[in-house]
Amino acid sequence: MPAVRIENLRETIAHLEAPAAAEARPPRPLGVEPLDRVLGGGLQAGALHEVRAEGADAPSSFGFALALAIRLCPPPLPLLHVTLPHVGGEWGRPYGPGLSAFGLDPGRILFVEAKRPSDALWAAEEGLFCAALGAVVLEIPGEPAAVDLTATRRLSLRAARHGVSALLVRPGGGGEATAATTRWQVAPLAGPADPSFVLPPPAWRARLERNRGGRGGSWSLSWRPDVLSFAPHATLSVASSATSADRAAAAGPRRRAV
Numbered sequence: 070m071p072a073v074r075i076e077n078l079r080e081t082i083a084h085l086e087a088p089a090a091a092e093a094r095p096p097r098p099l100g101v102e103p104l105d106r107v108l109g110g111g112l113q114a115g116a117l118h119e120v121r122a123e124g125a126d127a128p129s130s131f132g133f134a135l136a137l138a139i140r141l142c143p144p145p146l147p148l149l150h151v152t153l154p155h156v157g158g159e160w161g162r163p164y165g166p167g168l169s170a171f172g173l174d175p176g177r178i179l180f181v182e183a184k185r186p187s188d189a190l191w192a193a194e195e196g197l198f199c200a201a202l203g204a205v206v207l208e209i210p211g212e213p214a215a216v217d218l219t220a221t222r223r224l225s226l227r228a229a230r231h232g233v234s235a236l237l238v239r240p241g242g243g244g245e246a247t248a249a250t251t252r253w254q255v256a257p258l259a260g261p262a263d264p265s266f267v268l269p270p271p272a273w274r275a276r277l278e279r280n281r282g283g284r285g286g287s288w289s290l291s292w293r294p295d296v297l298s299f300a301p302h303a304t305l306s307v308a309s310s311a312t313s314a315d316r317a318a319a320a321g322p323r324r325r326a327v
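Just so you know, we're using the numbering used here here: the sequence shown kicks off at 70 and counts up by one.
Everything labelled a hint here was simulated from the structure, so no lab data went into it.
It is possible that part of the hints are untrue.
[What the hints assert, rightly or not] Beta-carbon label-pair distances, calculated as ranges: (1) A201 to P301: 30 to 36 angstroms; (2) A215 to A303: 23 to 29 angstroms; (3) H155 to P175: 18 to 24 angstroms; (4) V296 to L218: 32 to 38 angstroms; (5) R162 to P213: 18 to 24 angstroms; (6) F180 to R279: 26 to 32 angstroms; (7) E159 to L179: 18 to 24 angstroms; (8) E195 to S289: 21 to 27 angstroms; (9) A125 to L268: 32 to 38 angstroms.
Cβ coordinates follow ideal geometry from the N, Cα and C atoms, glycine included.
Please model the entire structure based on the sequences and the hints provided.
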């Protein structure tokens with residue numbers, strides 16, 4: 070039998086096995102009851118989840134995806150972060166002290182920079198074969214042709230079969246169809262400083278655009294690095310929000326803080 074047909078047969082079998090394998094894993098609560106209720110108890114482990122952000126908000130997608138990965142990947146399991154070289158040049162590479170302040174030991178992350186989107190997809194797929202990993206975070210900006218429905222279906226099948234959660238991060242892209250179980254569009258939120266932290270906790274307006282298990286919705290969320298969980302974000306006054314937005318716009322292109 071030709072190798073191509075054998076590979077197609079393997080993918081078909083994996084596709085049939087994947088739903089049962091995913092359902093056997095309990096969902097991981099995110100820490101916000103209304104959101105967890107919509108998700109059927111929490112975010113599905115061993116599945117593909119997509120996070121995207123548009124325009125100047127693009128860097129915020131990585132922080133949100135990292136928070137999801139932490140919820141899906143309990144210590145001491147390591148995470149694999151796969152990206153492209155120009156991403157670090159444009160928005161900054163993950164920063165050790167920033168990761169620590171976010172609640173993640175930098176020693177738990179393995180970093181891979183691939184030359185092309187196709188190489189990054191290959192590295193992510195290989196990572197999903199490794200049950201010793203807790204999660205794979207694949208960061209590919211824009212909408213390259215390589216990141217299509219077929220490629221994301223492969224990621225989804227491998228995540229389900231091997232129990233390794235996959236986060237597809239799409240700064241500045243992600244409008245096309247994918248095989249993700251959930252798809253999130255995020256934008257950063259400003260907030261009052263928390264006296265227990267040097268900086269305000271990271272916060273996002275998160276819109277659940279796709280939810281294979283139910284309906285969508287929109288929530289204002291903060292990340293609490295002290296408990297490694299999300300929490301409802303404190304509401305700001307209109308004047309305060311406008312001031313924060315104006316300052317962010319005046320500051321020019323954003324860079325990530327983790």
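Problem - Structure versus earlier hints - violations, ascending order - result: 2, 8 and 9
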